[in-house]
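All chains should be built: construct the whole structure from the sequences, respecting the hints.
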Amino acid sequence: MTTDSGPYASGMGSYDIERYLNVRSAYGASFGPDGERLSFLMDTTGTAQVWTLETPRGWPEQRTFYDERVTFASWSPERPELIFGMDEGGNERAQLFRLDPETGEIENLTAMPDSKHRWGGWSHDGDRFAFTSNRRDESVFDIYVQGRDETGEDATLVYEGDGWLSLAGWSPDDSRLLVSQAYSNFDQDLYVLDLEADERELEHLTPHEGDVRYQSASWAPDGEGIYLVTDKGDADTLYLAYLDLETRDLETVIDGDGWNVDGIALDDETGRFVCSRNVEGYTELTVGEFDADNPTDYETFPEPDLPGGISGGVSFDPDAERFALSTTGDTVNTNVFVVDIETGAVDRWTSAPTAGIPRETFDESDLVHVESFDELEVPGFLTLPDDHEEGETPVIVDIHGGPESQRRPSFSSVKQYFLDRGYAYFEPNVRGSSGYGADYAALDDVEKRMDSVADIEACVEWLQDHPAIDPDRIAAKGGSYGGFMVLAALTEYPDLWAAGIDVVGIANFVTFLENTGDWRRALREAEYGSLAEDRDFLEDISPINNVEQIEAPLFVLHGENDPRVPVGEAEQIVEEVREHGVPVRKLIFDDEGHGFSKLANRIEAYSEIADFLDEHV
19 MTTDSGPYAS GMGSYDIERY LNVRSAYGAS FGPDGERLSF LMDTTGTAQV
69 WTLETPRGWP EQRTFYDERV TFASWSPERP ELIFGMDEGG NERAQLFRLD
119 PETGEIENLT AMPDSKHRWG GWSHDGDRFA FTSNRRDESV FDIYVQGRDE
169 TGEDATLVYE GDGWLSLAGW SPDDSRLLVS QAYSNFDQDL YVLDLEADER
219 ELEHLTPHEG DVRYQSASWA PDGEGIYLVT DKGDADTLYL AYLDLETRDL
269 ETVIDGDGWN VDGIALDDET GRFVCSRNVE GYTELTVGEF DADNPTDYET
319 FPEPDLPGGI SGGVSFDPDA ERFALSTTGD TVNTNVFVVD IETGAVDRWT
369 SAPTAGIPRE TFDESDLVHV ESFDELEVPG FLTLPDDHEE GETPVIVDIH
419 GGPESQRRPS FSSVKQYFLD RGYAYFEPNV RGSSGYGADY AALDDVEKRM
469 DSVADIEACV EWLQDHPAID PDRIAAKGGS YGGFMVLAAL TEYPDLWAAG
519 IDVVGIANFV TFLENTGDWR RALREAEYGS LAEDRDFLED ISPINNVEQI
569 EAPLFVLHGE NDPRVPVGEA EQIVEEVREH GVPVRKLIFD DEGHGFSKLA
619 NRIEAYSEIA DFLDEHV
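Read the sequence shown against the numbering used here and you will find it ends at 635, with the numbers running on by one and no gaps.
Heads up, some of the hints might be wrong.
[Stated by the list, open to error] With beta-carbon atoms standing in for the labels, derived distance ranges:
1. 325 - 131: 38 to 46 Å
2. 123 - 192: 24 to 32 Å
3. 608 - 212: 41 to 49 Å
4. 169 - 54: 25 to 33 Å
[Claimed, not checked] In silico DMTMM-like links for lysine to aspartate or glutamate, alpha-carbon gap of 25 Å or less:
5. 616 - 578
6. 250 - 267
7. 466 - 513
None of these hints come from the bench; they were simulated from the model. From a predicted model like this one, the values you see are computed outputs, not experimental measurements. Virtual Cβ for every residue (Gly too), placed ideally from N, Cα, C.
As structure tokens, then:
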């Protein structure tokens, strides 16, 4: 870790940042093959590790003990063993490991640290698993199948890809794999790969023109169709559909009624499913069971009453009588709950603690809408501290990354920390955000990029008129693409800001696209513009080329191993801002990538951010 900044903040709220960052999260649940044991990820040690439970709210047992975070864990459907994923130092070159919970033995199944491995699921008999990897060519992903007893070198390359391939699961008879190819966040295709064919070729299921989303695909129980969410046709938002593999007919099953159907989790033996709809950032669940004779008909079960308002990550037990999922909200830290499908009864299984901070002290956000320069309504979440004084409350404008992402009212220990210190918190979903339809998400594409920055100006002007906010104490904060938004807002509207915080952000679109991971470049160019055709425009909007406009003090934080936004983006913006005489801090972590996963690093980062804001805001 390298730094050229000042000491930690002394702490002005009821609890310091270390206490808040020790509020734990439990998520990523997976039922064991006997249905009596549940695995999940929890960050009790400071980074997410694998834990297991045998009873609701029982004493959990930690199963992995690494300094690096575990990204997922999936039980075998037939044996008491699970596979989990983990990278090193945030480099995102994940390896797959097998854990025997009975002996504690862990085996590296891939052991190719220079390559990415993207999980594709267990076969139903538990004898094999599938994944995609860029072993052959760093810029593309191939499909592999590996026996549970085989080593990484023994994995069978079953198909050579030419782009961003991922797997959506094995067919019910384990003879085929469902394959997705992504061209951008708003354009994908689905294919089937027959593993038993003499010559393996991808069977194209979704030929189309223009951008069409085909996401969250799952095999129907009889293997003769696919359930998926899509916006094919005239739809602006995603709906749940059934694709008949023989006729290729696509039928609507659940319409989002103006909101996105985010996805479906389906048990391909019983046809029971959980479908989620994203309404203004909040989750609405449909729990049901498909008719075996008519795949577009289904019966519904009671919707579970879950706390927090945001839920996801469904895992069925072996008989599909229950499902586990995680749930969160503004004032609810993430925990795993188990739902009885037929009754809707909810049982909380995990007890991720709040570090002794009373839950009733957490503040809840309000959904607001701000009119932008062209009368577009921009949604956002505003949270005020309980003891705020009218006209004297400083505010942090926290801008999400993506850009095709969405800020939702989920629990954030960092947000609650700053609220406790007296800051208000505003989280806008500017044009280009997901969750509000394809048209809204496309409003910032390429040449319209700076319109989303103008949305930030409108939001700040709205905040300046808010009776609680001090108009002279407004800070911008954002990570990744949100870091670019911070830098762009500081260059485009320098008079609005008291300070800016850029976390792993893009300063120069040209150098970013030149140096990002080879496997990511095509997808990123589809969003931002290409180096070949749009270089002049990319240079024009890059904050590094307008740095002389920045007036507000700037704090730049980054991870040395970042494969998405290379650390050079931080180095160049700091150097240029400093040359123009603006106060600037820099904090680089040697053992982090695109964000900060280790507790000690997070404590240091947010302590220094608090110190920086106290000094300048």
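Exercise. Which earlier hints can't be squared with this structure?
Worked result: Violated hints: none; all satisfied.
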